[in-house]
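K.L.:
Spelled out from the first residue to the last, the chains are:
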Amino acid sequence: MSHAVIIDRAVKTYGDFTAVNGISLKINPGEFFTLLGPSGCGKTTLLRMIAGFNTVDGGEIRFDDKVINNVPAHKRDIGMVFQNYAIFPHLNVADNVAYGLKARHVPKDQIPPRVEEALKMVQIDQLKTRKPNELSGGQQQRVALARAFVIEPSVLLMDEPLSNLDAKLRVQMRTTIKKLQRRLGITTVYVTHDQEEALAISDRIAVMNQGNIMQIGTPEEIYRKPANPFVANFIGVSNFIDCTIKAVKNSASVSLPGNYSVTIPVTKDYEGEAILSARPEQLFFDEAGIPGKINMSVFLGDFIQYEVELVTGQVIELNEYTKDVDNIRKDGEEVHISMNTNQVSLYEKESEEVLSC
Amino acid sequence: MLKSKKGQPFYKDFWFWVKILIFVVFLLFLVYPFYTLVVNSFYSSKADGFTFYNFTRFFTKKYYYQALGNSLKISLIPTLLSVLIGVPMAYLQTRYNIAGKTFWHVLIILSLMCPPFLGAYSWIILFGNAGIVTQFLSNLFGFQMPSIYGEGGICAVFTLKLFPYVYLYVSGAMGAIDRSIEECAENLGSGKFRRLLTVTVPVVVPSIAAGALMVFMTALADYGTPGILAGGDFRTLPTLIYNEYLSETGGNANLASAISMIIVIIALLILFLQKLWVSRKNYTMSALRPPQITEYSGGKRFLVTLPVAIVSLVAFIPQMVVVLCSFIKTNYSNFVFEEGFTLEHYAELGRSLTSQIQNTFVYSTIAIVFILVLGILMSYVIVRKRGKTGGGLDMLMMAPYVIPGSVLGLCYIVAFNYLGTTADGTVIKLTGTAAIIIIAMIIRKMPYTVRSGSAFLMQMDPSVEEASVNLGVSPMKTFVKVTARLMLPGVLSGAIISWVTCINELSTSIMLYTGKTMTITIAAYTNIVRNSVGTGAALASILTLTSGVLLIIVFRASKGKVSFV
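Chain order of the listed sequences is A and B. For the first sequence, counting from 1, position 18 maps to 18 in this note's numbering; every step adds exactly one. For the second sequence, counting from 1, position 238 maps to 238 in this note's numbering; every step adds exactly one.
Hints in this document: simulated from the structure, not taken from any laboratory. Remember, predicted model here, so these are calculated numbers, not experimental data. Ideal Cβ positions, reconstructed from N, Cα and C, are used throughout, including at glycine. A couple of the hints might just be wrong.
Lysine-lysine pairs mimicking DSS-like chemistry, simulated, CA-CA at most 27 Å apart [claimed, not checked]:
no. : chain 1 : residue 1 : chain 2 : residue 2
1   : B       : LYS516    : A       : LYS75
2   : A       : LYS75     : B       : LYS385
3   : B       : LYS477    : A       : LYS128
Negatives, chain B to chain A, calculated, CB over 10 Å [unchecked claim]:
no. : residue
4   : ASN129
5   : PHE193
6   : PRO291
7   : PHE316
8   : PHE370
9   : GLY432
10  : SER463
11  : VAL473
12  : THR478
Please put together the full structure from these sequences, using the hints given.
P.N.:
If you want it as structure tokens, here you go:
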């Protein structure tokens with residue numbers, strides 16, 4: 001049975017430092033939910049609060065209706081995969097996986113088949129009798145995974161489980177984890193600082209910064225419609241261009257450098273300074289547009305990455321797909337830059353609140 | 001249910017009780033006795049109430065203050081000499097392909113582990129007034145050896161016995177210097193010798209200081225060596241404590257307490273100075289590439305091996321002499337060696353000294369069980385549950401280095417001589433029991449175990465324990481099933497060293513023993529002091545053999561990675 005995990009104004013402080021600053025969020029049963037943010041943003045602290053390794057200094061954490069603030073870690077019925085796997089070095093693979101079953105007093109005759117099944121699911125059933133020091137990093141990771149879900153926990157927690165693997169294995173394992181999670185339907189809370197990993201694996205993502213949640217949404221929402229410049233910058237690459245706008249009746253006229261102006265759909269009226277955020281692929285070369293010149297180009301196969309210096313001196317990044325053009329522009333070439341106005345984002349300068357729809 | 005003010009999960013409270021237990025043990029058997037000693041040193045039968053009489057007496061009577069000077073002399077000189085021998089030895093062993101490197105290393109460790117007075121005794125057999133070498137030289141060449149009795153002899157014995165501390169600390173540090181640092185010095189134009197003086201030695205200065213501190217503390221605290229080699233009226237502070245305590249009737253031992261205070265203050269002062277000096281020079285290093293070992297062959301290799309071999313062998317001579325002597329016939333008074341092989345001394349042990357042998361093994365085994373359990377709990381608390389009490393625990397762990405054995409013995413006598421009277425008039429006391437000797441062993445020898453345990457724990461990832469808790473095993477059970485289980489190999493090497501030093505313990509137990517609770521070490525010591533050399537040698541051989549076997553087990557089990565200091 002998987003549970004909803006409800007975090008209600010949770011607080012964690014270390015002396016004067018607030019690691020988790022009154023965070024609230026609701027994770028649905030069976031959902032794959034990711035806490036994403038730079039190191040020190042409080043994501044691991046929050047995960048360890050759910051696990052019971054950190055105390056909850058304020059607010060509540062509930063599994064469905066049950067408050068678990070003061071339930072000791074070993075009674076929370078949570079599976080956890082640790083960053084460095086935390087395999088018991090003195091037990092072989094099968095005994096590692098059986099450890100949690102024994103603690104739950106599962107009848108003796110049921111343990112071996114359940115261990116076997118779990119190991120099959122992560123494709124290491126042939127390594128049953130190996131000792132941890134005879135396993136590769138990827139294999140240890142699979143043992144850790146099997147050990148965590150074999151107890152059929154109501155919630156599964158993963159703390160940067162892929163960060164110690166090499167790039168290729170990381171991609172392979174994240175597919176394994178995602179498929180496994182779908183099949184078992186366990187509510188999963190996943191912590192990572194790797195935005196690509198978060199986008200690839202999650203149903204929903206909470207982007208965190210300095211103990212606060214910056215945005216919660218599906219990977220697509222977070223990428224397409226970042227709620228503030230922090231998210232726009234942290235997920236993918238964004239160019240921030242200062243501008244002044246006048247917005248009335250859901251439409252803003254935006255004055256950009258070089259006397260160039262565009263019209264962008266917005267959700268509210270506003271007049272004053274603003275930040276326009278555009279991803280490299282949302283920009284293109286156009287006769288009309290912000291004037292500038294090419295500093296450098298990098299050919300990356302399927303696309304070409306340009307570094308363009310605008311008239312204001314600001315340097316921005318622009319991508320062009322190889323299939324759309326016939327040749328690469330030369331360094332020093334004078335260009336004009338325009339943008340896809342339905343895709344870029346607009347924020348108030350002071351409050352950094354989002355204006356675009 | 002106990003809960004801290006922040007709503008701490010209550011499972012942490014197991015460690016709360018462990019901390020309480022540890023503090024109670026140390027409070028009862030270290031802090032309280034020491035406190036009693038301090039109080040005691042300010043009272044005297046010669047004056048009413050609180051008085052400085054004992055201290056005034058100490059510093060005005062030459063008989064007493066001379067001992068202070070002597071103690072400083074026989075501690076400082078061996079410390080200097082140990083550095084002069086230990087550092088070059090460490091350099092040769094870590095930088096050249098010495099023939100039989102491991103063998104010499106083990107010899108040096110073995111010579112460190114036997115009680116210091118055995119060294120003194122062996123040197124008497126060889127160089128004493130009627131010693132084998134002395135006789136040989138005077139018969140053949142008419143050459144008169146300088147007397148081994150007195151401060152010269154004591155310094156020589158201490159140096160040979162204690163330089164291994166410097167050697168072990170420094171060779172550990174020199175082996176951990178990354179090759180690139182020295183290569184860099186060379187690259188910048190430093191020759192080999194210049195490099196040694198400007199890079200290698202300065203980098204290991206903290207280790208030299210740590211080794212020197214151990215030499216100083218051990219020499220300052222040792223009772224047996226000056227006890228045997230004093231000759232005439234040469235007194236040191238530990239022998240003075242023992243004599244004063246014996247001469248003072250009524251078990252008040254006020255003057256002995258005052259002398260104990262003085263020795264502890266000196267030790268504290270030296271410890272403080274050492275820390276102060278080293279604190280600004282602490283370089284942590286992990287050698288990714290171990291230092292280059294110069295490969296010599298033929299004559300050059302012989303030349304670098306020779307000094308290592310000579311020093312190691314000379315340091316090991318006492319053990320060999322003792323074992324040899326245990327098989328040599330003595331005349332009926334057991335006084336003088338005659339020619340011929342005999343097992344008589346061992347037969348004598350079987351006849352009259354079985355209880356001492358039994359005591360040694362029973363006491364040290366009981367002590368080691370407590371040391372293991374307390375040591376594992378304590379290293380866990382120090383590393384994982386430091387909190388506000390961690391610093392206090394670290395200090396308690398240093399106490400046995402600062403409080404000499406004979407002082408601790410005196411503390412116990414003063415504190416536990418009278419605990420109360422039962423209804424029928426029997427006096428309840430701890431002194432004279434086996435328990436007090438075992439407790440002293442536990443308190444004094446536990447640091448070895450705690451140190452190896454905490455070093456091991458620092459390397460162990462806490463998430464392994466969290467994984468177990470997360471899988472539904474309570475923290476207390478996790479500690480038993482996972483943590484303690486994983487710590488055991490790491491703690492074991494330290495525990496065996498605790499055990500070896502328990503077996504060889506003399507300075508505390510000599511204050512605390514009675515006829516019934518005598519151990520091999522005490523029997524060997526008293527036999528040697530009484531010149532009953534044959535039996536003494538046989539007893540000492542048993543000690544050497546037991547220590548040697550245990551150490552070889554440690555060495556094998558830890559693949560040479562254990563720290564002996």
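K.L.:
If a hint holds in the structure, say so; if it does not, say that too.
P.N.:
Status of each hint after checking the structure:
no., hint, verdict
1, B:LYS516 with A:LYS75, "violated (53 Å)"
2, A:LYS75 with B:LYS385, "holds (22 Å)"
3, B:LYS477 with A:LYS128, "holds (25 Å)"
4, ASN129, "holds (59 Å)"
5, PHE193, "holds (43 Å)"
6, PRO291, "holds (28 Å)"
7, PHE316, "holds (37 Å)"
8, PHE370, "holds (25 Å)"
9, GLY432, "holds (44 Å)"
10, SER463, "violated (4 Å)"
11, VAL473, "violated (5 Å)"
12, THR478, "violated (8 Å)"
Of the hints listed earlier, those the structure fails to meet are numbers 1, 10, 11 and 12, in rising order.
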